[in-house]
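Sequences and hints are given; from them, build the entire structure.
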Amino acid sequence: MKDEPRVGVFVCHCGTNIGGVVDVPEVVEYAKTLPYVVYADRNLYTCSEEGLNNIRDTIKEYNLNRVVVASCTPRTHEPLFRVACQEGGLNPYLFEMANIREHCSWVHHDSKEATEKAKDIVRMAVARSLWLEPQEEPELEIKDSSLVIGGGISGLVAAISLADQGFKVYLVEKEAELGGLVRQLYKLYPTLEDTSEILNPHIEEAKNHRNIEVHTSTTIKDIEGYVGNFHVTAIKNKEQIEFDVGTIIVATGAWNYHPPEGNFQYGVLDGVMTQLELEELLKEGKLERPEIIVMIQCVGSRVGEIWSYELVGLFHSQATRLLSKILGARGSEEGWAYCSKICCMNAIKNAILIKEQFPESEVTILYQDLRTYKEYEDFYRRARKLEVRFLKYIYEIPPEISEAPGNKLRVSFYDPFAGEEMSIICDKVALSTPLIPSKDGILLAKKLKIPLDQNGFLMEAHVKLRPIDTQIEGIFLAGTAAGPKDISESIVSAKAAAARASILMGNKVIKTEALTAVVNQDLCIGCGLCEELCPYGAHIVKDGKSTVIEALCKGCGVCVVACPQKAISAKHYTDDQILAAVKNAFTEQLT
Amino acid sequence: MSKSEDTESRTHDSSHDTKLMHIVAHTPRGKGILDCIQCGRCTSSCPMARQTSRYNPRRLMEMITIGLKEEVLSNTPWYCLSCFTCVDKCPQGADVGEVIFAIRNIAAREGHIPPGIKAQGGNIIDTGKISNPTKSILKQRQEMGLPEIEPSDTEELLKILRKTGFDKIIGHK
Amino acid sequence: MKDSKSVLVVGGGIAGIQASLDAADRGFKVYLVEKTPSIGGRMAQLDKTFPTMDCSICILAPKMAECYRHSNITLLTYSEVQDAKGSIGNFEVAVLKKARHVKEDKCVGCGICTEKCPVKVPNEFEMGLADRKAIYMPFPQAVPRLTTIDEENCLFFQKGTCRVCEKLCEAGAIDFDEKPEEIVLNVDAIILATGFDVFNPKAITAYGYGKYKNVITAMELERLICASGPTDGYILRPSDGKEPESVVFIQCVGSRDQRYNPYCSSICCKYAIKDAVLIREHHPEIDTYVFYIDLRAFGKGFQEFANRSKEEYGINYIRSNPGEIREDPITQDLTIWYEDTLTRTIKPLTVGLVVLCTASIPRPDNKKLSELIGVELDDLGFFRASHDIDHPVDLTVPGVYGCGFCLGPRVGDIPHSVMQAGAAVARMSEELAGMEEA
Amino acid sequence: MSVGYEPKILGFLCNWCSYAGADLAGVSRFEYPPNARVIRVMCSGRVDPVHILEGFKSGADGVLVTGCHPGDCHYVSGNFSTERRVEIMKKVVNKIGIDPERIRLEWVSASEGRKYAELVKEYTDSIRKLGPFPLNEISDLLDAAIGAFGSERVRWLMNKQLEEIEPEKAENVIITSIEREIERYQLFQILEKGNSTVSEMAKQTNLPSDVIVQHLIALMKQGTAAITAEAEHEYIYTLSR
Amino acid sequence: MKYAFFIGCLVPARELSYEFAARKILPTLDVELVDMHGANCCAPFGIQSLDYISWLALATRNLCIAEEMGLDILALCSDCYESLLMTNTILKENSDIKGQVNEVLSEIGKEFKGEIEIKHMIDVLYEDVGPEKIKNAVVTPLTDLKVATQPGCHLVRPKMLHFGSVGGYDELDELVRATGAEVIDYDGKEICCGGPIRDTFDKYSRSLINQKIKAMKKANVDCAVTICPFCFLQLDLGQREIQTRFKEELNLPIFHFPELLSIALGFKLTDPQIRDHRISINHILEKYNGYEVSS
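Protein chains in written order, with the working numbering: chain A, 39 to 629; chain B, 216 to 388; chain C, 5 to 442; chain D, 3 to 243; chain E, 478 to 772.
It should be emphasised that the hints constitute simulated quantities derived from the structure, not laboratory data. Some clues are possibly wrong.
[Said to hold, decoys possible] Estimated spans, in silico, between C-beta atoms of each pair: (1) D:Thr226 with A:Asp614: 23 to 31 angstroms; (2) D:Glu103 with C:Glu128: 52 to 60 angstroms; (3) A:Lys98 with D:Thr240: 37 to 45 angstroms.
[As the list claims (entries may be wrong)] Stretch-level coverage of chain A by chain B, calculated; a stretch enters the list once three of its residues show a Cβ under 8 angstroms from a Cβ in chain B: (4) 426 to 439; (5) 450 to 460.
All C-beta atoms in this analysis are idealised placements derived from N, C-alpha and C, irrespective of residue type, glycine included.
Here it is in structure tokens:
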């Protein structure tokens, strides 16, 4: 400790969230007894304007050089309080948080025990704070160019938006043609416009835009670097191309699920097809006369109503498992627990198209819940007016498909609304299958270290408030790579991704993480163990000494623990700082 | 109905007339069938459905949709009180109480008419009224000083009802 | 020629907040106009958000504070758009800053004035389930953190007496003479984010809202269930303050209804599942029922959560749209007549509390804004997008964009509102960049 | 076991998965016993064996280290390093009289709020069964272990991939080497307090005399120890300053 | 105020007291009733069930008669009212159906033009006369009389058809209050009396009556008031049937609204009127001196 610490402790009631369980005044009184603590008080909401101003003013008034806030989790609120410290003239890294909400008041009901634990947590934080040192966040330059991966509707929209804003865009598509999954569609709901009317102008614009470099038949081989400065290696027609970009938008899209052979007689009986295959027939004009068609919703989605639910979070290693699920033994796998969201409208769209072309056709849609959200309710109504038949089946008794005389199909099911079993003799059965995570998305996530959700879609940084950002700075999600969306929703997300990327590139610089490793050159003997262990290649041994490339180092600290000479330390997570907390976890050892 | 009151499940195969929905939708007062989303609001508020499970307006709509013609045209629709509670409550404007009349009209053409209703039809053709006073009532009217009841112009009515085919529907000679 | 581009954002809910932050970070000078005394909008009133169960105000409050502190954002709360003219690149908008009677630069938000104010009026933030004073802070995390005098209820403005707040305010922030002020802003673009209103279920007389005390709306429940709400998070019946033995949620009250709002509000099924789970978490002894027509648990993680709500929390799902609710005049329990459409049984269910999941409807203000700015409304009263599929956040006047629920229940949830906000900023940046080039 | 004994648990949680998982437990209000005190580190790979042993010294009865699931590490492979270190540590501490159960490594993801709550509960119960950490009994040994795990030799051994040796053998080699290092530190500690003889050291450490002599020779070679006198047929060893 | 008086079939054939009271009360409140000559059955729901165009043609014939009289129709019976109102609305709104019906009516030289409106007696009393005027005309206020009202279905439902009217519940209740009586709410007020299935499913028809009467009795009323001959028949005759059949003493007096109104306006009920009631109303008549001893 270089200077005599003057610690201020701010304990938050968080309304009743903390105050309802933890005796906050008691914690404050306790904090006051700790060495070096020159100020301790409580706020109703420390994160409110009043609370933040209080921190700012108290730093000045009491000449604080350490601030501890005992409130909620640092994962959401640390940045806010750091700014308040900065406004008070304190280096934001001289701030420490004690989590007495998520880790205390919310999980312990006994007020006395929770209060004791809160005191311990505060003491640990104060102890750690004594050892904190000011840190600087290095500024990084952001290249004003972007890589958009995927040339479907989302990729196109995102690329054009950025290009229109004046940024250079590299649009990479693995297929020979742009357009993605949407290209296979005939018409779009709810306006029933030809897909080409929407899609083609975007394709043309992207191809001809002076700020966009389109690379079709191109796959991403490798991406190195970090926000502002990604180095991209791609393979275009067997040739390697390379370029540097500041931001990346992942628009790898989704796949349409194909049921395993035999499931709902798919691939076994003629006339059983996926909804998308039916749409392709319509597109090609291969439906030539009125037919009886039955559509079955939720084939491969909403499967297994008792699947355990994990809120967020499989990381990319699970990708391998999910990948084998998609690519591997489809036959034995049952499908996906989620609702794919677009299938109801898609089925209705095709039903309307069929009925409008051949009013004598009979179209029946077998559903579990009809999810025509928002104004799509009108679309549902429109189909009913066209005498499309909507019947419910229940998950436990799925419709059965069998052969019927005269080259027909028989669909048998139980209609709970009537309490009757029913069978329909029909010409075609269309299976509405979900959008599922794409292989490319999963592999790319692995490359970029973007976590996947439990289903294998790319995971957003926060499902509510950061639905476009990923955990990796500078990489954003557009379209169905992050989960099923319809076209309008995909366009919204693509524009939003463009907005988020443009903010970084427009500002030209960004402050980065200060928490990196540093090597004490006097102690280092250049053994090279750190270089061997570092997953980011941030350690380079040269002339018998190791140095850290700060822009690459992500501050994990693996090298710190390994260094035989104890020559490496982790900024903001030094041994002294960690041990200060360890030593004060159960008893007071503040010195 | 020959079946026990609450029995429901049976296996149908060829007994579905999948055109029934279309027919009902194109019969006067029947277009509501296409508006139904089976929410159950009608049955939830139907006073008759609370008396007996033989009558369930929502289920009746579904039975039309899946084409259980025989059942739909038998005595089921005649349970309806025509109180129009369902019409008022239906969020989709499916007007179940109205669709009932379409089904009854179809049923009547196919000869399913309860005797009481048939008698009403007969009375109209014969007297122009469905309810006629007894002699003692006529006497009482006089006593009370109420005006005499005028007979209806049955000839005129017969012309009308022949034109519409009403006489054939109720089998009037 | 202005140094930097500027934008007017109308509405300080999550959509408006996000649009302001994105635009400000993008380098725009932002004027965020909010008609109530604080930004925060509907999301501030929610207890938790679905399906991550984040405490709503906890994740929103930092964004609200960021808006307040951002050097590119000027917050104009308690203000309304009065007039607008011009076109993209050059809109002239008149904003009326209503008289708050509390000086923004002096009030420290200590709250002494609100403690001593003698007038009690129903608290809008608490959906009328609690009272506030005539001088008030809308909610504890309000931004900006200062009080406002509600002229309509203040004794001084109504009867010329009192002035207690003025005497007590040590900061000298009370200013009874303050007059409304009109500010004229010159902006390049406009983003509308006026959010939604809640359908008043009184219209559906069979459900007895307004007549039976224990029939409440979902927004009211959000406050009841919130730990910082009027009952400290305990589920207590309005009629007698007792915990109900069972709670029923009824879906599609005023939505999916041709007579009121034909569309699906998109969010009700999801929040009902969330609220039912929260009730079971806090009070496992309370039985919960959700009456639905189609359980619309679409979107990321929702179906899985719905499954879990059944399996783990034992929420009872009944596929039915109940016909009527009757109150027992003595116990004030409520009897719901319904048909379970999957088993075709018709029966009454007697419960302690009924929650009506009411439609989200357009704000009446949309009409005025549409007239002032010239953008079209759709048949329902939401702002019309210039193309449903291709230009979902462009309104029918160039340079005017929309985000959040004022565009209709497009998906309606928070993440989509956040995305729309970003999309609006992207569109604005594109079009203004295009103008500069031309 | 004393009545009303409440075990003290020290937890090291990685920022990205486990701390988030613990936050989720809070957000979801999954109740668990209040026995754990938690330290947030960016990666479980930052947890030094020394931190764990210091934890015992500071009063912990059990130390819980949690990280991202294998392969899910935010830092690619940090948790694999952790796994290797903890595995070795458990075997080593077992030999010096610490129940290996007192060190636990678990994977908790950001979505596993319930798992975190249940883990804390289950681990607290399991440590409760073990009883208080025998700090007084093995205090010296613990200090020696802290010294050993901080030593150049052990750190090298624990982190270097010994490619030329078969994995199972490699582990034995490493564990034995660490044991030796601890023994050496024990002797070092004795000498730190004052001069001593082989028999005195044997008495204090329960180590065989020949082992002690070997270590002393090594220490002398390093120049750490020296013979300064002779008494009753024994040499007196001392630390060279 | 002058109306074509559509009396229907059931009222003159079975419920003379209703007709008698209406004919007596309405003129004193300045409502002139002009009897319709040659009118036929309104074609109520039974007939509607058989054929659509036949129903409309039968009902429209009556409308044509009123059109020829140049008068709006006042109906006593809710079924007549609803059938005529529906027909009038459909034909006015749908020119296609109007054409079809007029083609049928051309057989007898009639044509629907769409010139008149259809009103129920209650509409006229409420809108044209008004509760205030009635209140002022009351000579024997029915103080302390607790009344359950039975507005019936077809005065109020379907709502779309009766759009613009206050809503029959409130209208009737306010008119009853104008007599000085107290209107008591009861469970299931809006529920059907069971009349339409009286002939077809008498078991359920009876149970509906039973539930209704019991609910009224539970609400502690002195009597019930109807404005529809079918409702009256159900509650009065139907109640009697239940009493006889199940030996259950219900004894809830039922009044036609005009009867109650006449008592309040100082007209006494006559013997034949009282004979119309199968459930004794005497104790109420005595209380308000509403019984005219026959000479």
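Consistency of the hints with the structure:
1. D:Thr226 with A:Asp614: 23 to 31 angstroms: holds (26 angstroms)
2. D:Glu103 with C:Glu128: 52 to 60 angstroms: Given a distance of about 57 angstroms, which is inside 52 to 60 angstroms, the answer is holds.
3. A:Lys98 with D:Thr240: 37 to 45 angstroms: violated (56 angstroms)
4. 426 to 439: Since 4 is at least three, the answer is holds.
5. 450 to 460: Held - the stretch 450 to 460 of chain A has 7 residues with a Cβ nearer than 8 angstroms to chain B, which meets the minimum of three.
In summary, the structure is inconsistent with hint 3 from the numbered list given earlier, while agreeing with all the others.
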